[in-house]
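K.L.:
Work out the full structure, taking the sequences as your base and the hints as a guide.
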Amino acid sequence: VYRSIDPNVVVKPPFQFIGATLGNSKLSMQTDNGQMGMPSNVCCVVVEYLGGGTLKTYLIKNHTRKLTFGIVIQLALDLARGLSYLHSKKIVHRDVKTENMLLDKTRTLKIADFGVARIEAQNPSDMTGETGTLGYMAPEVLNGNPYNRKCDVYSFGICLWEVYCCDMPYPDLSFAEVTSAVVRQNLRPEMPRCCPSSLANVMKRCWDADPDKRPEMDEVVAMLEAIDPSKGRGMIPDNQRQSCLRKICWI
Numbered sequence: 010v011y012r013s014i015d016p017n018v019v020v021k022p023p024f025q026f027i028g029a030t031l032g033n034s035k036l037s038m039q040t041d042n043g044q045m046g047m048p049s050n051v052c053c054v055v056v057e058y059l060g061g062g063t064l065k066t067y068l069i070k071n072h073t074r075k076l077t078f079g080i081v082i083q084l085a086l087d088l089a090r091g092l093s094y095l096h097s098k099k100i101v102h103r104d105v106k107t108e109n110m111l112l113d114k115t116r117t118l119k120i121a122d123f124g125v126a127r128i129e130a131q132n133p134s135d136m137t138g139e140t141g142t143l144g145y146m147a148p149e150v151l152n153g154n155p156y157n158r159k160c161d162v163y164s165f166g167i168c169l170w171e172v173y174c175c176d177m178p179y180p181d182l183s184f185a186e187v188t189s190a191v192v193r194q195n196l197r198p199e200m201p202r203c204c205p206s207s208l209a210n211v212m213k214r215c216w217d218a219d220p221d222k223r224p225e226m227d228e229v230v231a232m233l234e235a236i237d238p239s240k241g242r243g244m245i246p247d248n249q250r251q252s253c254l255r256k257i258c259w260i
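In terms of our numbering, the sequence shown opens at residue 10 and continues consecutively.
Just so you know, these hints were derived from the structure itself, not from any lab. Treat the hints with care, since some could be wrong.
[Claimed, not checked] Below, in silico cross-link-like pairs of lysine-lysine (DSS-like), each with a Cα-Cα straight-line distance of 25 Å or less:
| id | residue 1 | residue 2 |
| --- | --- | --- |
| 1 | K99 | K119 |
| 2 | K114 | K65 |
| 3 | K70 | K119 |
| 4 | K119 | K98 |
| 5 | K213 | K240 |
| 6 | K98 | K222 |
[To be verified] Here are the simulated distance ranges between beta carbons:
| id | residue 1 | residue 2 | range |
| --- | --- | --- | --- |
| 7 | D181 | R202 | 18 to 24 Å |
| 8 | S206 | S183 | 30 to 36 Å |
| 9 | G62 | N132 | 34 to 40 Å |
Every residue gets a Cβ at the ideal spot worked out from N, C-alpha and C, and that includes glycine.
P.N.:
Right under this line is the structure:
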């Protein structure tokens, strides 16, 4: 009974391979009598097709020329609103990164890959385990300490930096170096000189080492909505850059 009703226990369905064949217009499977067909009692999840690919791929394509400030704010708001909704339902994604964000053909961002998401536990000590992707993981998660939805807020801050810069955080460091420096030396991506202070403030608040000092995602949405895209500037393109970024910084 516990395995059937607990939202944080993964129960493998008897037809777990269905997802791999959803791309086939003639979906069928072998039944108990050996015949091929589509059982009437099988449930399938049909999701929207997002032809724009991952946010990571989009940022790589724009690595040299960068994004306009308006696009940065639009993408940031899409992600922030999505996470705010998840948190309102007590869901912690736990692997917020640009590879797990998908775009449709109009560049609207949607959150994907809920493989390690779970319902937030009332007792933070029940939310342990180094879950996520290095570079985006909050210090408390890297340390194996109890954590809550604020780990998503931290990851959002890293994603926001990545969207603005169209670059990878900590590109010159190994996984071990990132883990050690983030936890012990308060390492964070360097803030570009050309980044508007209003946006930089959002990043810094989100990746604060103290989870209690990080804003809730609904507050992040409000901060982003208060930014006028017409009064900011995007990252300086690589061929025009004048010391906009050095490397990384400890704060």
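K.L.:
Are the hints correct? Go through all of them and say.
P.N.:
Do the hints match the structure? See the list:
Taken as a hint, the K99 and K119 pair is honoured in the structure, with Cα atoms around 18 Å apart against an allowance of 25 Å. Distance check on the hinted pair: K114 and K65 sit about 15 Å apart at the alpha-carbon level, within 25 Å; holds. Proposed proximity of K70 and K119 is supported: the alpha carbons are some 19 Å apart, at most 25 Å. Only pairs whose Cα atoms come within 25 Å are accepted, and K119 paired with K98 is accepted, the gap being roughly 17 Å.
A hinted pair counts as satisfied when its Cα atoms are at most 25 Å apart, and K213 with K240 qualifies at roughly 20 Å. Taken as a hint, the K98 and K222 pair is honoured in the structure, with Cα atoms around 21 Å apart against an allowance of 25 Å. In this structure, D181 and R202 meet the distance hint of 18 to 24 Å, their C-beta atoms being roughly 19 Å apart. A beta carbon spacing of about 32 Å between S206 and S183 agrees with the range 30 to 36 Å that was offered as a hint.
Taking the beta carbon of each, G62 and N132 are about 39 Å apart, inside 34 to 40 Å as hinted.
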